[in-house]
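Q: Protein chains in written order, with this note's numbering: chain E, 1 to 66; chain W, 1 to 66; chain U, 1 to 66; chain X, 1 to 66; chain D, 1 to 66; chain V, 1 to 66.
The hints are simulated quantities; they were obtained by calculation from the structure and are not laboratory data.
Treat the hints loosely; a few may be bogus.
Claimed, not checked - To give a feel for the contact side, a few chain D residues facing chain U, derived at Cβ under 8 angstroms: (1) G34; (2) P37; (3) K38; (4) T39; (5) V47; (6) D50; (7) W52; (8) G53; (9) I54; (10) T58.
Here a beta-carbon is modelled for each residue, glycine too, at the ideal position from N, C-alpha and C.
Number of protein chains: 6
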Amino acid sequence: MPYVNIKITREGATPEQKAELIRGATQLLVDVLGKNPKTTVVVIDEVDTDNWGIGGETVTVLRRQG
Amino acid sequence: MPYVNIKITREGATPEQKAELIRGATQLLVDVLGKNPKTTVVVIDEVDTDNWGIGGETVTVLRRQG
Amino acid sequence: MPYVNIKITREGATPEQKAELIRGATQLLVDVLGKNPKTTVVVIDEVDTDNWGIGGETVTVLRRQG
Amino acid sequence: MPYVNIKITREGATPEQKAELIRGATQLLVDVLGKNPKTTVVVIDEVDTDNWGIGGETVTVLRRQG
Amino acid sequence: MPYVNIKITREGATPEQKAELIRGATQLLVDVLGKNPKTTVVVIDEVDTDNWGIGGETVTVLRRQG
Amino acid sequence: MPYVNIKITREGATPEQKAELIRGATQLLVDVLGKNPKTTVVVIDEVDTDNWGIGGETVTVLRRQG
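Model the full structure from these sequences, guided by the hints.
A: As structure tokens, this is what we get:
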């Protein structure tokens, strides 16, 4: 029954990679806590780099600075 | 003052349906807990089917399997 | 498959009231969007009044002024 | 190490304004709690006015009513 | 820079199990998307069984029905 | 109408500090985007150090390593 929310910047994750994140997060809950995978929900949010900040700067600016 | 977040897959919910969800969730808090509807906030997130997983599979794959 | 998160202040909601919120939110998704109730998840967060603010004031202060 | 999520309606916030929100929220955590800005994360969600409700009405409707 | 939120029912997860969830979720983002583990944040919320519903019922009731 | 969620580790923030976070976050939205403070909601979540991870380690372990 767990619910997992993964937030990443929108920088080209493919459908295959997102499917792998969903598979992996679900399996993690099975392995560590014995949770039922059938009712485990994983939601991925892709966030524009203008809308994500770390260290007080947007990722857009951090990427430009390399 | 409650805050309600409803996450659904992005599969064509209309503005009318979303307005109904907002009305219904607000009324639920009034009916059950006597909350003030004026400061009750409801936010709906529509999530791509590639980004939503249940049972370790994306909804995109589940819809294809019917 | 929807996921609903309801945040309320921790001010004595009973188990029965919380069960009613869960039932009502689940039914709302069935009624408005035809969602499957079996995989609809509702999570209620109860937040201390010191940790909830509106209008720039904590609810603790607002209740005192109330 | 704090994590801040700011949800606003999608009504034309500019990249500069969003950078200012990120800077300001990060600084707030430094000023009030002495948190390390380097690991402070701020994520801004912009939500369509059809998907945001207050007082049981969508913001789309409220804006129309002026 | 990803942010992962794992919500589980409060049913006795040990500190070791929670550390394993944090390690596993962080590694997943490294393996699938090449993310930097140093800035990957994982937050686990443990939710009372009275406050978690699936299929319109609280987990408290579901556990009792076995 | 904005909604701000601030997640911090539970390490002794006082009611006064939390009130300051609420005041500051509300004012930030007024200053940057001209939002109405009356309907701006701020919710603070305090998370146990066992339940917060960065760099694949719990904060409990990181604090011990100093």
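Q: Run every hint past the structure and note whether it holds.
A: Hint-by-hint comparison with the structure:
Annotation: interface hint on D/G34 violated; nearest CB of chain U at approximately 28 angstroms, more than 8 angstroms. Annotation: interface hint on D/P37 violated; nearest CB of chain U at approximately 27 angstroms, more than 8 angstroms. This hint is violated: D/K38 has a C-beta 29 angstroms from the nearest C-beta of chain U, more than the 8 angstroms allowed. Contact between D/T39 and chain U, as hinted, is not supported at the beta carbon level, the nearest pair being about 25 angstroms apart and thus beyond 8 angstroms.
For D/V47, the shortest C-beta to C-beta distance to chain U is roughly 6 angstroms, which falls under 8 angstroms, so the interface hint holds. For the restraint placing D/D50 at the interface with chain U, the shortest Cβ-Cβ distance is roughly 5 angstroms, inside the 8 angstroms limit, so the hint holds. Hint on D/W52 holds. Least Cβ distance to chain U is approximately 6 angstroms, under the 8 angstroms limit. Annotation: interface hint on D/G53 holds; nearest CB of chain U at approximately 3 angstroms, less than 8 angstroms.
Restraint check, D/I54 versus chain U: the minimum CB separation of about 5 angstroms is within 8 angstroms; hint holds. With 8 angstroms as the threshold, the beta carbon of D/T58 comes within range of chain U, its nearest partner Cβ sitting at about 5 angstroms, so the hint holds.
Checked against the numbered hints listed earlier, the structure breaks hints 1, 2, 3 and 4; every other hint is satisfied.
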